[in-house]
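Undergrad: The lines below spell out each chain.
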Amino acid sequence: MSRIKACFDRLKKEGRGALLPYLEAFDPDRETSLALLRQMPEAGADLIEVGVPFSDPSADGPTIQLAAQRGLKAGATLKGVLDLIHEFRKENDHTPIILMGYYNPIDRYGVERFCKDARAADVDGLIVVDLPPEESEELAPYARAEGLDMITLTAPTTPDDRLKAILKDASGFVYYVSITGITGTRSATEDQLKAAMTRLKAATDLPVVAGFGISTPEQARIASRISDGAVVASAIIKDMAATYDEHGHATAKSLPTALDKIRSLAKAVRG
Amino acid sequence: MPADTSITSQLNSLRTGPDERGHFGIHGGRFVAETLMPLMLELEKAYNHAKTDPQFQEELDYYLRHYVGRPSPLWHAKRLSETLGGAQIYLKREELNHTGSHKLNNVMGQILLARRMGKTRIVAETGAGQHGVATATVCALFGLECEIYMGATDVERQKPNVFRMHLLGAKVHPVTAGAGTLKDAMNEAMRDWVANVENTYFLVGTVAGPHPYPAMVRDFQSIIGTEAREQIQEQTGRLPDAVIAAIGGGSNAMGIFHPFLDDADVPLYGVEAAGLGLDSGKTAASIARGKPGVLHGNRTYLLQDDHGQITEAHSISAGLDYPGIGPEHSWLNDIGRVNYVSATDQQALEAFQTLTRLEGIIPALESAHAVAHAIVMAPTMKKDQTIIVNLSGRGDKDVPTVAAHLGVKL
Ligand SMILES: Cc1ncc(COP(=O)(O)O)c(C=O)c1O
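These protein sequences, in sequence, are chains A and B.
Numbering of the first sequence is given in the working numbering, commencing with residue 1 and proceeding in unit increments.
Numbering of the second sequence is given in the working numbering, commencing with residue 1001 and proceeding in unit increments.
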């Protein structure tokens, strides 16, 4: 059974939703992000989203844009991110890892080779922000062949008939972008989220997680109850980035700050 | 747009693209986040409907004639031609359009579409500021809210246009990400759009972006080539021996090329900005130095590194300072129908001055790249041969930049 499925099955038994913290690979350097990745499960991450830095993250707000820039400055490449996950897997064989990023680095790498290498690194799923179902046949067959889940994104703007069509072949889980907007800006209300989940659950049996605009423990608690999981990205990165020195380098406070944030989110989700 | 209904053009035409999913060969497509995807489908539907509605066409014709000032003349540049001593050069005078460039052709079409779709707020990206000015102009004309995203570097080097946009009532947002040029402005305009989808129309300024933008902007700009093709035959009795246009995203070029695509005997030349030189690392020549990749909603030739990170473009001209190119151009390159060449910053500066002195026409630095290639080509051709150069814009906005390069303090 895939790690993603095993994880959601287990959480269902526990009767709670998942916490999916996000980290930007190589932000602000390789060692710090590897250390953070390694300690995230113990701090309460059920699944982890690893952001692949891209020069032009057009769906992201300022916080993740800056994180991506720091990651690139620290030498992040798609290959480098796969190596990072490979190292993480030496110590952890159960926490699902979802790569999140934009299509061009994958396209440049070569889709077939990328899917092979991602599997070899024990990646579990892929979220490619700018690869909608209309274009995903470029990548999906290769991902499927390597047992990687292509996570389908849905949005408030996705009409019901389209939801049905795009979720027909979805696997792993479904990601609901809970606002019309970019990462780290505004938040959906509880009622909006409830209405969306009713629509989504009518279209799929897969777990549905909510992301974009979830920043406080209280928001994470609510989102993880209404849906099957809460993705938190900008709020963690923002707290951590506030600890960097004037050159944007990590300090002794960086790692504990990010882990504290994840712990408080996890407590709320489990509470 | 009036469809070409002749049988040959339908059977074996290069003018029928893209396919129904927006692909030109391997290029084009719709690489956007799911939030935007339903909007792209809605836009496509609205555009397809408008395109075949005679009332829409009539309305557009009215504004093009009485507001934009079409048709634009085709001017036989005799002094320039004589001085170069070869082919006769004809200038398609898009700089005479209202607001001073070809940009208004497309903006007029899209604003009428946005109004039909009931949108009340317009966002646009701009490089040189010409597209921003054109957009701000129609927003003033129709009383619509207008937000323009412009790279901070471009805000600095195109000050006259920034002030024009302010006067027209637009809000100009300087974008500091990246090098602060057109690519960054495009990212930021997309971010605004995704956050304001209900009431906002994204008025793309060139033949790039997700389908249907490349096809739609081309259609609106094709009036340039349709007119030029008639005008050259009126004036010389035959088709030209070359058509030359500068390429940023490629809208003025696509506009003048498209009606000539099936004239197999008419060579077409797209002039990319070489910047400091094709191999200087400071260039904007996406076809000459790029590789196919995916950015801003489409697959096309992009300046990028081995890891798929987009690299910064460089050109003296803000309107050409973009690391990509419209997908239809990438396809026309792949099939060999259009020749993509380049001109450096220095060549453009010289052409700028040459045209000004010999014809009394101050070209935009963008258009000066096309003139620069005509200056290279004309002397190699016979005196009874003809070249059409698309003079996409006027150079008033570039006077401060040119003065600075010539060491003149204004
Ligand atoms: C006068 C002029 N010509 C050309 C361009 C380049 O754009 P495109 O390649 O879309 O025509 C611009 C863009 O700002 C422009 O202002």
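Worth flagging that the hints you see were computed from the coordinates, not collected in a lab.
Model, not experiment: these values are computed from the prediction.
All residues carry an ideal CB built from backbone N, CA and C; glycine is no exception.
Watch out, some of these pointers could steer you wrong.
Residues on chain A that point at chain B, a partial pick, calculated with CB under 10 angstroms [as the list claims (entries may be wrong)]:
#1 Pro53
#2 Thr63
#3 Gly80
#4 Pro141
#5 Tyr142
#6 Glu146
#7 His249
In silico BS3-like pairs for lysine-lysine, Cα to Cα no more than 25 angstroms straight-line [what the hints assert, rightly or not]:
#8 Lys1282(B) x Lys168(A)
#9 Lys116(A) x Lys164(A)
#10 Lys116(A) x Lys1291(B)
#11 Lys164(A) x Lys1291(B)
#12 Lys79(A) x Lys1045(B)
#13 Lys73(A) x Lys1045(B)
Undergrad: Each hint: holds or not?
TA: Hints, one by one, checked against the model:
The beta carbon of Pro53(A) is positioned within 10 angstroms of a beta carbon in chain B (closest approach about 8 angstroms), and the interface hint is therefore held. Hint status for Thr63(A): violated, given a least beta-carbon distance of 13 angstroms to chain B, over 10 angstroms. For the restraint placing Gly80(A) at the interface with chain B, the shortest Cβ-Cβ distance is roughly 9 angstroms, inside the 10 angstroms limit, so the hint holds. The restraint placing Pro141(A) at the interface with chain B is violated, with a minimum CB-CB distance near 17 angstroms, outside the 10 angstroms limit.
Interface hint at Tyr142(A): violated, since its Cβ lies 16 angstroms from the closest Cβ of chain B, which is beyond the 10 angstroms cut-off. Of the supplied interface hints, the one on Glu146(A) is violated, with its beta-carbon coming no nearer than about 19 angstroms to a beta-carbon of chain B, more than 10 angstroms. Against a cut-off of 10 angstroms between C-beta atoms, the interface hint on His249(A) is violated, since the closest Cβ of chain B lies about 21 angstroms away. For the suggested pair Lys1282(B) and Lys168(A), the alpha carbons sit about 47 angstroms apart, so the restraint of at most 25 angstroms is broken.
Straight-line distance between C-alpha atoms of Lys116(A) and Lys164(A) comes to about 30 angstroms, which puts the hinted pair past the 25 angstroms bound. In summary, the hint linking Lys116(A) to Lys1291(B) is supported, as the alpha carbons are separated by about 23 angstroms, within the 25 angstroms threshold. A distance of roughly 36 angstroms separates the Cα atoms of Lys164(A) and Lys1291(B); the hinted pair therefore is violated under the 25 angstroms criterion. With a C-alpha separation of about 40 angstroms, the suggested pair Lys79(A) and Lys1045(B) falls outside the 25 angstroms cut-off, and the hint is violated.
Proximity of Lys73(A) to Lys1045(B) is assessed by CA-CA distance (about 42 angstroms); at most 25 angstroms being required, the pair is judged violated.
Against the hints set out earlier in the document, violations occur for numbers 2, 4, 5, 6, 7, 8, 9, 11, 12 and 13.
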